[in-house]
Amino acid sequence: MVSGVILLTLILGVLLGPLVWTLPIDEIDFSARLQGPSWEHPLGTDDLGQDLLARILYGGRISLAVGFAAMLVAVVVGVVVGALAGMSGPRGDAALMWVTDLFLALPQLPLLLLIIYLFRDSLKEVVGPEVGVFILIVAVIGGFRWMPVARLVRAQFLSLREKEFVEAARALGASRTRLVVRHILPNALGPVIVAATIDVAAAILAESTLSFLGLGFPPDIPTWGRLLFDAKDHLDFSPHWALFPGLAIFLTVLSINYVGDGLRDALDPRRVQ
Amino acid sequence: MANYLLRRLLIAIPSLLGISVILFVVLALAPGDPFGELTTNPAIPPEVRANLRASLGLDDPIHLRYISWLTAMMKGDWGYSFVSRIPVDQLILQRLPTTLAVIGISQIVALAIALPVGVYAATRPYSIFDQVANTLAFVGFSLPTFFTGLVFILIFSITLDWLPFVYRTGIDASGWRWWWEQFRQSIMPIMVLGLFQGATWTRFVRSAVLDVIRLDYVTTARSKGLTEGTVTMKHVVRNAMIPVVTLVALQMPAVFGGAIVTEQIFRVPGIGSLLITSILANDTPVIMAVTFVFAALVIFFNLLADILYGWLDPRISYS
Numbered sequence: 001m002v003s004g005v006i007l008l009t010l011i012l013g014v015l016l017g018p019l020v021w022t023l024p025i026d027e028i029d030f031s032a033r034l035q036g037p038s039w040e041h042p043l044g045t046d047d048l049g050q051d052l053l054a055r056i057l058y059g060g061r062i063s064l065a066v067g068f069a070a071m072l073v074a075v076v077v078g079v080v081v082g083a084l085a086g087m088s089g090p091r092g093d094a095a096l097m098w099v100t101d102l103f104l105a106l107p108q109l110p111l112l113l114l115i116i117y118l119f120r121d122s123l124k125e126v127v128g129p130e131v132g133v134f135i136l137i138v139a140v141i142g143g144f145r146w147m148p149v150a151r152l153v154r155a156q157f158l159s160l161r162e163k164e165f166v167e168a169a170r171a172l173g174a175s176r177t178r179l180v181v182r183h184i185l186p187n188a189l190g191p192v193i194v195a196a197t198i199d200v201a202a203a204i205l206a207e208s209t210l211s212f213l214g215l216g217f218p219p220d221i222p223t224w225g226r227l228l229f230d231a232k233d234h235l236d237f238s239p240h241w242a243l244f245p246g247l248a249i250f251l252t253v254l255s256i257n258y259v260g261d262g263l264r265d266a267l268d269p270r271r272v273q
Numbered sequence: 274m275a276n277y278l279l280r281r282l283l284i285a286i287p288s289l290l291g292i293s294v295i296l297f298v299v300l301a302l303a304p305g306d307p308f309g310e311l312t313t314n315p316a317i318p319p320e321v322r323a324n325l326r327a328s329l330g331l332d333d334p335i336h337l338r339y340i341s342w343l344t345a346m347m348k349g350d351w352g353y354s355f356v357s358r359i360p361v362d363q364l365i366l367q368r369l370p371t372t373l374a375v376i377g378i379s380q381i382v383a384l385a386i387a388l389p390v391g392v393y394a395a396t397r398p399y400s401i402f403d404q405v406a407n408t409l410a411f412v413g414f415s416l417p418t419f420f421t422g423l424v425f426i427l428i429f430s431i432t433l434d435w436l437p438f439v440y441r442t443g444i445d446a447s448g449w450r451w452w453w454e455q456f457r458q459s460i461m462p463i464m465v466l467g468l469f470q471g472a473t474w475t476r477f478v479r480s481a482v483l484d485v486i487r488l489d490y491v492t493t494a495r496s497k498g499l500t501e502g503t504v505t506m507k508h509v510v511r512n513a514m515i516p517v518v519t520l521v522a523l524q525m526p527a528v529f530g531g532a533i534v535t536e537q538i539f540r541v542p543g544i545g546s547l548l549i550t551s552i553l554a555n556d557t558p559v560i561m562a563v564t565f566v567f568a569a570l571v572i573f574f575n576l577l578a579d580i581l582y583g584w585l586d587p588r589i590s591y592s
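As given, the protein sequences belong to chains R and U, one line each in that order.
Under the numbering used here, the residues of the first sequence are numbered 1 to 273, in order.
Under the numbering used here, the residues of the second sequence are numbered 274 to 592, in order.
Simulated from the structure, these hints should not be mistaken for lab results.
Just so it is clear, CB atoms sit at the ideal spot from N, CA and C, and this is done for glycine as well.
One or more of the hints may lead you astray.
What the hints assert, rightly or not - One side of the interface only, derived from the structure: several residues of chain R facing chain U at Cβ under 10 angstroms:
| # | residue |
| --- | --- |
| 1 | Ile115 |
| 2 | Phe134 |
| 3 | Ile221 |
| 4 | Gly225 |
Stated by the list, open to error - Subject to a maximum C-alpha distance of 25 angstroms in a straight line, what follows is the list of computed SDA-like cross-link-like pairs (lysine to any residue):
| # | chain 1 | residue 1 | chain 2 | residue 2 |
| --- | --- | --- | --- | --- |
| 5 | R | Lys232 | U | Ser430 |
| 6 | R | Lys232 | R | Ile221 |
| 7 | R | Lys232 | U | Phe456 |
| 8 | R | Lys232 | U | Lys348 |
| 9 | R | Lys232 | U | Pro558 |
| 10 | R | Lys232 | U | Ile428 |
| 11 | R | Lys232 | U | Ile549 |
| 12 | R | Lys232 | U | Leu302 |
| 13 | R | Lys232 | U | Ser459 |
| 14 | R | Lys232 | U | Gln455 |
| 15 | R | Lys124 | U | Leu553 |
| 16 | R | Lys163 | R | Gly143 |
| 17 | R | Lys124 | U | Ser459 |
| 18 | R | Lys232 | U | Asp434 |
| 19 | R | Lys124 | U | Leu302 |
| 20 | R | Lys124 | U | Ile295 |
| 21 | R | Lys232 | U | Phe429 |
| 22 | R | Lys232 | U | Val424 |
| 23 | R | Lys124 | U | Phe297 |
| 24 | U | Lys348 | R | Leu102 |
| 25 | R | Lys124 | U | Ile428 |
| 26 | R | Lys232 | U | Tyr440 |
| 27 | R | Lys232 | U | Met464 |
| 28 | R | Lys232 | U | Phe297 |
| 29 | R | Lys232 | U | Val439 |
| 30 | R | Lys124 | U | Asn555 |
| 31 | R | Lys232 | U | Leu553 |
| 32 | R | Lys232 | U | Ile295 |
| 33 | R | Lys232 | U | Thr432 |
| 34 | R | Lys232 | U | Trp452 |
| 35 | R | Lys124 | U | Ala554 |
| 36 | R | Lys232 | U | Leu468 |
| 37 | R | Lys124 | U | Val298 |
| 38 | R | Lys232 | U | Val298 |
| 39 | R | Lys232 | U | Gly413 |
| 40 | R | Lys232 | U | Ile431 |
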């Protein structure tokens, strides 16, 4: 409950915050470099005198957008693969699950870095730096996180497709597609929702990690990870610069994880007290 | 046993091949010729460039290129670093021990936290200890390693001035003094990784033990008059470890990801920081090789988990 409220506050904060706190994110003011929190700059300023509150609110939009978009990619791919594996015969099932296991064994962070390094420049030329990097990061993070969803969906399909209500629907002459979309899939969604929630947190962490390593969004876009990356060389004089974006990531991930845990308890029929 | 090992090894080969295909496809789809630095260098005359392309096999059909790339990787011919002009395998061998040491010790730390805490919490579910442990575990795995690392530096290096925050390879000391310095500079990266993994594993251990402890055979063991300690240690924990081993093996990619970040923060000279520096320097052969080494390590640890699995669960026959 508490975590839901915190999460909602964070989401509303980054969505509506920039309307209330209207300082620009990139106004350079050398007279106010590396200042701690004050009334003028509630979270202080960075080495160019840019207001940190405004930058954190802006970065939050990107982090959350990446998190939700990557989750959608992961869930869509996972549901499609899982459903295909669950509905096809033993051969197709085995092949798809082998691919799933293979992806689970991939070293994700090195591959993420490799793909972004190889494709960043060419995608930038096609659709512009911000959109290009956004699409790339979302696709790659989502592309490496669909496996748990696929396994869950497959397991659900294998048990659901033998149930009486599915047989009844089949006896009524429902087509295969209709069976899957109208009858099996809705019943398989419970665990998927839980996994999807956790995926949002994992995607936010992945994006922040990339930005923290200096390989995410372009430097002029202040994502939370990027703020930490910029702040890490100034830890001794202005710890606030690193602490506030770090806390923002932590709070977001923690509350999403708690919400996911609560959903799991609520949706799990085998729960024992 | 040897048979079982051999079979597991044979199963690992297709995975390694699959990963190498994925790596190669990524590379082949990439714009330009990431490996052919020389072939796009404008200072080289076009006919020499064409010859170079032919000798590197860049114009061959894709499956031939894959095979020649794979055989080169197998033979240990990993090419030369664009930046430092020394063979890639030497570069990696120099740095691999550091990474393995940091990861290995941090995993031991993680296990030393997760096993006792998880088992103790599960034997007293919903007690105060359980709730505190659960909350801390949640906090622990929601804290990204790069943030804990910075906070550690802030507390222990800058505020308290106890520990150095830059890892040095050449420590000018010997004997105990050397070990002490080594300990002081390694403790922060190890703890950052260890605490993060420990938090994740505590939850795994707790839920696995909780699943087992309700089973009938545990009640039987208790009713035979065994002490609670014997029941937990001998009957519960061993069976509970089976799913934990699987989950831990599935966590290996995340562990290596964490290692890359920590090496970067504390400037530990391992293959993780090598990866980042070579990406920033566009050093493609090194990037490819390090990624491949990480993949091989993940497969290796999965293999290890399989073997451990066979030992923990006698129902899995070795033959």
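Do the hints match the structure? See the list:
| no. | hint | verdict |
| --- | --- | --- |
| 1 | Ile115 | holds, 6 angstroms |
| 2 | Phe134 | violated, 19 angstroms |
| 3 | Ile221 | violated, 18 angstroms |
| 4 | Gly225 | holds, 7 angstroms |
| 5 | R:Lys232 to U:Ser430 | holds, 13 angstroms |
| 6 | R:Lys232 to R:Ile221 | holds, 17 angstroms |
| 7 | R:Lys232 to U:Phe456 | holds, 23 angstroms |
| 8 | R:Lys232 to U:Lys348 | violated, 41 angstroms |
| 9 | R:Lys232 to U:Pro558 | violated, 29 angstroms |
| 10 | R:Lys232 to U:Ile428 | holds, 14 angstroms |
| 11 | R:Lys232 to U:Ile549 | holds, 16 angstroms |
| 12 | R:Lys232 to U:Leu302 | violated, 35 angstroms |
| 13 | R:Lys232 to U:Ser459 | holds, 19 angstroms |
| 14 | R:Lys232 to U:Gln455 | holds, 23 angstroms |
| 15 | R:Lys124 to U:Leu553 | holds, 17 angstroms |
| 16 | R:Lys163 to R:Gly143 | violated, 32 angstroms |
| 17 | R:Lys124 to U:Ser459 | violated, 39 angstroms |
| 18 | R:Lys232 to U:Asp434 | holds, 17 angstroms |
| 19 | R:Lys124 to U:Leu302 | holds, 16 angstroms |
| 20 | R:Lys124 to U:Ile295 | holds, 23 angstroms |
| 21 | R:Lys232 to U:Phe429 | holds, 15 angstroms |
| 22 | R:Lys232 to U:Val424 | holds, 10 angstroms |
| 23 | R:Lys124 to U:Phe297 | holds, 23 angstroms |
| 24 | U:Lys348 to R:Leu102 | holds, 24 angstroms |
| 25 | R:Lys124 to U:Ile428 | violated, 40 angstroms |
| 26 | R:Lys232 to U:Tyr440 | holds, 16 angstroms |
| 27 | R:Lys232 to U:Met464 | holds, 19 angstroms |
| 28 | R:Lys232 to U:Phe297 | violated, 35 angstroms |
| 29 | R:Lys232 to U:Val439 | holds, 13 angstroms |
| 30 | R:Lys124 to U:Asn555 | holds, 17 angstroms |
| 31 | R:Lys232 to U:Leu553 | holds, 18 angstroms |
| 32 | R:Lys232 to U:Ile295 | violated, 34 angstroms |
| 33 | R:Lys232 to U:Thr432 | holds, 15 angstroms |
| 34 | R:Lys232 to U:Trp452 | violated, 28 angstroms |
| 35 | R:Lys124 to U:Ala554 | holds, 19 angstroms |
| 36 | R:Lys232 to U:Leu468 | holds, 21 angstroms |
| 37 | R:Lys124 to U:Val298 | holds, 21 angstroms |
| 38 | R:Lys232 to U:Val298 | violated, 36 angstroms |
| 39 | R:Lys232 to U:Gly413 | holds, 21 angstroms |
| 40 | R:Lys232 to U:Ile431 | holds, 12 angstroms |
Comparing the model with each numbered hint stated earlier shows that hints 2, 3, 8, 9, 12, 16, 17, 25, 28, 32, 34, 38 do not hold.
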